[in-house]
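A.B. asks: Read off the chains here:
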Amino acid sequence: DGGITQSPKYLFRKEGQNVTLSCEQNLNHDAMYWYRQDPGQGLRLIYYSQIVNDFQKGDIAEGYSVSREKKESFPLTVTSAQKNPTAFYLCASSQTGGIGNTIYFGEGSWLTVV
Amino acid sequence: AQKVTQAQTEISVVEKEDVTLDCVYETRDTTYYLFWYKQPPSGELVFLIRRNSFDEQNEISGRYSWNFQKSTSSFNFTITASQVVDSAVYFCALIPTGTASKLTFGTGTRLQVTL
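Chains as they are written, first to last, in this note's numbering: chain A, 1 to 114; chain B, 1001 to 1115.
By construction, these hints were calculated from the structure, which means they are not laboratory data. Please read all numbers here as calculations on a predicted model, not as lab measurements. Each residue gets a CB set at the ideal place from its N, CA and C atoms; glycine is no exception. Wrong hints could be hidden among the right ones.
[As the list claims (entries may be wrong)] Facing chain A, from chain B, some residues (calculated, C-beta under 10 Å):
#: 1; residue: Q1039
#: 2; residue: S1042
#: 3; residue: N1052
#: 4; residue: P1096
#: 5; residue: T1107
[Unchecked claim] Calculated lysine to any residue pairs in the SDA-like style (CA-CA distance at most 25 Å, straight line):
#: 6; chain 1: B; residue 1: K1038; chain 2: B; residue 2: D1055
#: 7; chain 1: A; residue 1: K83; chain 2: A; residue 2: G42
#: 8; chain 1: B; residue 1: K1038; chain 2: A; residue 2: T96
#: 9; chain 1: B; residue 1: K1070; chain 2: B; residue 2: T1027
#: 10; chain 1: B; residue 1: K1070; chain 2: B; residue 2: K1016
#: 11; chain 1: A; residue 1: K57; chain 2: B; residue 2: T1107
#: 12; chain 1: A; residue 1: K57; chain 2: B; residue 2: E1026
#: 13; chain 1: B; residue 1: K1003; chain 2: A; residue 2: D59
#: 14; chain 1: B; residue 1: K1038; chain 2: A; residue 2: N28
#: 15; chain 1: B; residue 1: K1003; chain 2: A; residue 2: Q41
#: 16; chain 1: A; residue 1: K9; chain 2: B; residue 2: D1086
#: 17; chain 1: A; residue 1: K9; chain 2: B; residue 2: P1040
#: 18; chain 1: B; residue 1: K1038; chain 2: A; residue 2: N26
#: 19; chain 1: B; residue 1: K1038; chain 2: B; residue 2: T1078
#: 20; chain 1: A; residue 1: K9; chain 2: B; residue 2: G1043
#: 21; chain 1: A; residue 1: K71; chain 2: A; residue 2: V19
#: 22; chain 1: A; residue 1: K83; chain 2: A; residue 2: Q41
#: 23; chain 1: B; residue 1: K1016; chain 2: B; residue 2: T1080
#: 24; chain 1: A; residue 1: K57; chain 2: B; residue 2: T1027
#: 25; chain 1: A; residue 1: K71; chain 2: B; residue 2: V1046
#: 26; chain 1: A; residue 1: K71; chain 2: A; residue 2: V113
#: 27; chain 1: A; residue 1: K83; chain 2: A; residue 2: R44
#: 28; chain 1: A; residue 1: K83; chain 2: A; residue 2: G40
#: 29; chain 1: B; residue 1: K1070; chain 2: A; residue 2: T102
#: 30; chain 1: B; residue 1: K1070; chain 2: A; residue 2: G100
#: 31; chain 1: B; residue 1: K1003; chain 2: A; residue 2: R44
#: 32; chain 1: A; residue 1: K83; chain 2: A; residue 2: G63
#: 33; chain 1: B; residue 1: K1016; chain 2: B; residue 2: A1081
#: 34; chain 1: A; residue 1: K57; chain 2: A; residue 2: A81
#: 35; chain 1: A; residue 1: K9; chain 2: A; residue 2: V113
#: 36; chain 1: B; residue 1: K1003; chain 2: A; residue 2: I99
#: 37; chain 1: A; residue 1: K9; chain 2: B; residue 2: T1080
Please put together the full structure from these sequences, using the hints given.
C.D. replies: Following this line, the structure appears as C-alpha cells:
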C-alpha cells in the first residue's frame, strides 16, 4: 500500500530524554513535513524538507531536530530542550515543495512526557 | 501574515441533517490555495479538497459541497444528509504564494453526528 507510515503510534518519554519519531513514505514525494497538534488547536509546522539533504525550520522548531538522508525518510527528534513536548505529531509529504501541491498526512504519533 | 479562522468550535447535529462548516481566511497574496481536511478519531488527516484562488466555482462531491467566495474570503463546507461516520474534526487550511507548501491551519471544527 502506498502511503505515509509513522511509528511508534504511542510513545512515552521521561523528562530529559531525547526521542525520535519515525516517518517513512513510499509515494516518491520530494517534500516532507512535521506538524505538531495540541488539543483544541490547529496544526503548527515544526520542520520541512523540500529535497534530500536539505530542510528548513518551521514556526516552532525550537527543541526539535530532523534529518533527511533518504528521500523516503524524515525522522523527527524531540530533544530535552523542548519544554512542552506532550502532543500529537503528524508527518506529511507532497509531490514537491511548490505551492499548490496537496499535502498528505500519516496517522500520527502520540508523545507523552512522564 | 496569513490566518484561517474557524469560528465554530463544535457542532452537534442529528443524522440526516445538513450542516455547514465555516472558514474565513486572511492573506495578502492574490494567488493561494485552500484546503479542507477531515480528522477522524484515529488521528490521521484525510484530504478532502483543494481549491486555488482563481477558481471560484463551487464543487460538489457526493454529500459534500464547498462554497468559495473571494469577496468575503470564505471557503465554507457543507455536508448534506449527515451521517454518524461524518463525526470528526474538520480543518480548513491555506497556502499563500511563496510559502513552499507551508499550510496555515484553522483551529478546527468538531462535528458530532448522532442518531
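A.B. asks: Now look at each hint and say whether the structure bears it out.
C.D. replies: Right, here's what the structure says about each hint:
Taking 10 Å as the C-beta contact cut-off toward chain A, the hint placing Q1039 (chain B) at the interface holds, the least distance being around 9 Å. Residue-level restraint check for S1042 (chain B) holds (minimum Cβ-Cβ distance to chain A is 6 Å; threshold 10 Å). Given hint, N1052 (chain B) at the interface with chain A, holds; its Cβ is 6 Å from that chain's nearest Cβ, closer than 10 Å. With 10 Å as the threshold, the beta carbon of P1096 (chain B) comes within range of chain A, its nearest partner Cβ sitting at about 8 Å, so the hint holds.
Hint on T1107 (chain B) holds. Least Cβ distance to chain A is approximately 5 Å, under the 10 Å limit. Only pairs whose Cα atoms come within 25 Å are accepted, and K1038 (chain B) paired with D1055 (chain B) is accepted, the gap being roughly 22 Å. The hinted pair formed by K83 (chain A) and G42 (chain A) meets the criterion: a straight-line CA distance of about 19 Å does not exceed 25 Å. Proposed proximity of K1038 (chain B) and T96 (chain A) is supported: the alpha carbons are some 22 Å apart, at most 25 Å.
Distance hint between K1070 (chain B) and T1027 (chain B) is fulfilled; the C-alpha atoms sit about 11 Å from each other, no more than 25 Å. Our distance criterion of 25 Å between C-alpha atoms is broken by K1070 (chain B) and K1016 (chain B), whose separation comes to about 30 Å. Restraint check for K57 (chain A) and T1107 (chain B): satisfied, since their Cα atoms lie roughly 21 Å apart, inside the 25 Å limit. With a CA separation close to 23 Å, the supplied pair K57 (chain A) and E1026 (chain B) stays within the 25 Å bound.
A C-alpha spacing of about 14 Å is found between K1003 (chain B) and D59 (chain A), which places the hinted pair at or below 25 Å, so the restraint holds. At most 25 Å may separate the alpha-carbon atoms for a hinted pair to count; K1038 (chain B) and N28 (chain A) meet this at roughly 24 Å. Pair hint K1003 (chain B) plus Q41 (chain A) holds up; C-alpha atoms about 13 Å apart against a cutoff of 25 Å. Between the alpha carbons of K9 (chain A) and D1086 (chain B) the distance comes to roughly 23 Å, so the proposed pair stays at or under 25 Å and holds.
A C-alpha spacing of about 15 Å is found between K9 (chain A) and P1040 (chain B), which places the hinted pair at or below 25 Å, so the restraint holds. Our distance criterion of 25 Å between C-alpha atoms is met by K1038 (chain B) and N26 (chain A), whose separation comes to about 22 Å. For a cut-off of 25 Å, the pair hint linking K1038 (chain B) to T1078 (chain B) stands: about 13 Å separates their Cα positions. Between K9 (chain A) and G1043 (chain B) the alpha-carbon distance is near 10 Å, which keeps this suggested pair within the 25 Å criterion.
Straight-line distance between C-alpha atoms of K71 (chain A) and V19 (chain A) comes to about 21 Å, which keeps the hinted pair within the 25 Å bound. A distance of roughly 18 Å separates the Cα atoms of K83 (chain A) and Q41 (chain A); the hinted pair therefore holds under the 25 Å criterion. For the given pair, K1016 (chain B) sits about 7 Å from T1080 (chain B) by alpha-carbon distance, which is consistent with the 25 Å threshold. Between the alpha carbons of K57 (chain A) and T1027 (chain B) the distance comes to roughly 21 Å, so the proposed pair stays at or under 25 Å and holds.
Between K71 (chain A) and V1046 (chain B), the direct Cα distance comes to roughly 22 Å. Compliance with the 25 Å bound is thereby established for this hinted pair. Proposed proximity of K71 (chain A) and V113 (chain A) is contradicted: the alpha carbons are some 30 Å apart, above 25 Å. Annotation: proposed proximity of K83 (chain A) to R44 (chain A) holds, straight-line Cα distance about 16 Å (limit 25 Å). With a C-alpha separation of about 19 Å, the suggested pairing of K83 (chain A) with G40 (chain A) holds against the 25 Å cut-off.
This hinted pair checks out: K1070 (chain B) and T102 (chain A) have alpha carbons roughly 21 Å apart, not beyond 25 Å. Restraint check: the Cα-Cα separation between K1070 (chain B) and G100 (chain A) comes to about 17 Å, which is no more than 25 Å; the hinted pair holds. Proximity of K1003 (chain B) to R44 (chain A) is assessed by CA-CA distance (about 12 Å); at most 25 Å being required, the pair is judged to hold. With a CA separation close to 7 Å, the supplied pair K83 (chain A) and G63 (chain A) stays within the 25 Å bound.
Distance hint between K1016 (chain B) and A1081 (chain B) is fulfilled; the C-alpha atoms sit about 4 Å from each other, no more than 25 Å. For a cut-off of 25 Å, the pair hint linking K57 (chain A) to A81 (chain A) stands: about 16 Å separates their Cα positions. With a C-alpha separation of about 14 Å, the suggested pairing of K9 (chain A) with V113 (chain A) holds against the 25 Å cut-off. The suggested pairing of K1003 (chain B) with I99 (chain A) holds, with an alpha-carbon distance near 17 Å, which does not exceed 25 Å.
With a C-alpha separation of about 33 Å, the suggested pairing of K9 (chain A) with T1080 (chain B) is violated against the 25 Å cut-off.
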